[in-house]
Amino acid sequence: NAGVTQTPKFRVLKTGQSMTLLCAQDMNHEYMYWYRQDPGMGLRLIHYSVGEGTTAKGEVPDGYNVSRLKKQNFLLGLESAAPSQTSVYFCASTPRNNEQFFGPGTRLTVL
Amino acid sequence: AQTVTQSQPEMSVQEAETVTLSCTYDTSESDYYLFWYKQPPSRQMILVIRQEAYKQQNATENRFSVNFQKAAKSFSLKISDSQLGDAAMYFCAISDYTGANSKLTFGKGITLSVRP
Chain R
14 NAGVTQTPKF RVLKTGQSMT LLCAQDMNHE YMYWYRQDPG MGLRLIHYSV
64 GEGTTAKGEV PDGYNVSRLK KQNFLLGLES AAPSQTSVYF CASTPRNNEQ
114 FFGPGTRLTV L
Chain C
33 AQTVTQSQPE MSVQEAETVT LSCTYDTSES DYYLFWYKQP PSRQMILVIR
83 QEAYKQQNAT ENRFSVNFQK AAKSFSLKIS DSQLGDAAMY FCAISDYTGA
133 NSKLTFGKGI TLSVRP
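Quick mapping for you: the protein sequence lines, in order, are chains R and C.
The first sequence begins at 14 in the numbering used here and counts up by one.
The second sequence begins at 33 in the numbering used here and counts up by one.
Simulated from the structure, these hints should not be mistaken for laboratory data.
Computed from a predicted model, the values in this text were never measured in an experiment.
Think of the CB as a built atom: it goes at the ideal place given N, C-alpha and C, for glycine as much as any other residue.
Possibly wrong hints are sitting among the right ones.
[Claimed, not checked] To give an idea of the interface, some chain C residues facing chain R are shown, with a C-beta separation under 8 Å as derived from the structure:
{"#": "1", "residue": "Arg-75"}
{"#": "2", "residue": "Gln-76"}
{"#": "3", "residue": "Met-77"}
{"#": "4", "residue": "Ile-81"}
{"#": "5", "residue": "Lys-105"}
{"#": "6", "residue": "Phe-123"}
{"#": "7", "residue": "Ser-134"}
{"#": "8", "residue": "Lys-135"}
{"#": "9", "residue": "Phe-138"}
{"#": "10", "residue": "Gly-139"}
{"#": "11", "residue": "Lys-140"}
{"#": "12", "residue": "Gly-141"}
{"#": "13", "residue": "Ile-142"}
Just need the whole structure built from these sequences, with the hints factored in.
Below, the structure written as structure tokens:
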């Protein structure tokens, strides 16, 4: 099992550009999450999904969109990147009410 | 809403010694999970230990143990016989046990350094 994988690992964008981060899990987990990690802030929930075809907002959803068309994939999109979105992004998954398994993270820099 | 507070941003311990990392939380739920995650320089989030709130007994995992005080809403992590590989950022987190969403709320983390 590969667990949770994230693509890409690093990315540099210019302000206003768009991109999509891909999260994939091969553990058949129902729930998937996107977090961002900023210095001194811990991890904050952006969006999450409790099943295929469902998404919901987390603590800091503004400027991001998500989609869960397939159970194993959870996509995070930035339509018009801003410098405030410079961060490390983590994806996680869990069967339910249990340990969350995290991907390796994506470091995004917006210039 | 659930909150997690880690008031110490940094701590240091001598190799082979014991260190305790503090965490307090707030929740209106009666059932929930508490976690400690470790994040080494590789950035990977690694689960260290988990505690179910309905269990009286403190969880232990080899050199790692917790002191769970439910009434005080306190959940500290004790690392015994500290090793150089324990140097990392440690996050305390809480999850709603009965909710449908299983969302984690994290503290801001504490950076642990280990002196050889």
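Evaluation of the provided hints:
1. Arg-75: At 5 Å from the nearest chain R Cβ, Arg-75 of chain C passes the 8 Å test, so the hint holds.
2. Gln-76: Nearest chain R Cβ about 6 Å off; hint holds.
3. Met-77: holds (4 Å)
4. Ile-81: Where the cut-off is 8 Å and the nearest Cβ of chain R is about 10 Å from Ile-81 of chain C, the hint is violated.
5. Lys-105: Check failed: Cβ of Lys-105 of chain C comes no nearer than 18 Å to chain R, outside 8 Å.
6. Phe-123: Status holds, d = 6 Å.
7. Ser-134: The hint holds - Ser-134 of chain C has a Cβ within 8 Å of chain R, the shortest such distance being about 5 Å.
8. Lys-135: Hint on Lys-135 of chain C: holds, closest Cβ of chain R at ~6 Å, below 8 Å.
9. Phe-138: holds (4 Å)
10. Gly-139: holds (6 Å)
11. Lys-140: holds (4 Å)
12. Gly-141: holds (5 Å)
13. Ile-142: violated (10 Å)
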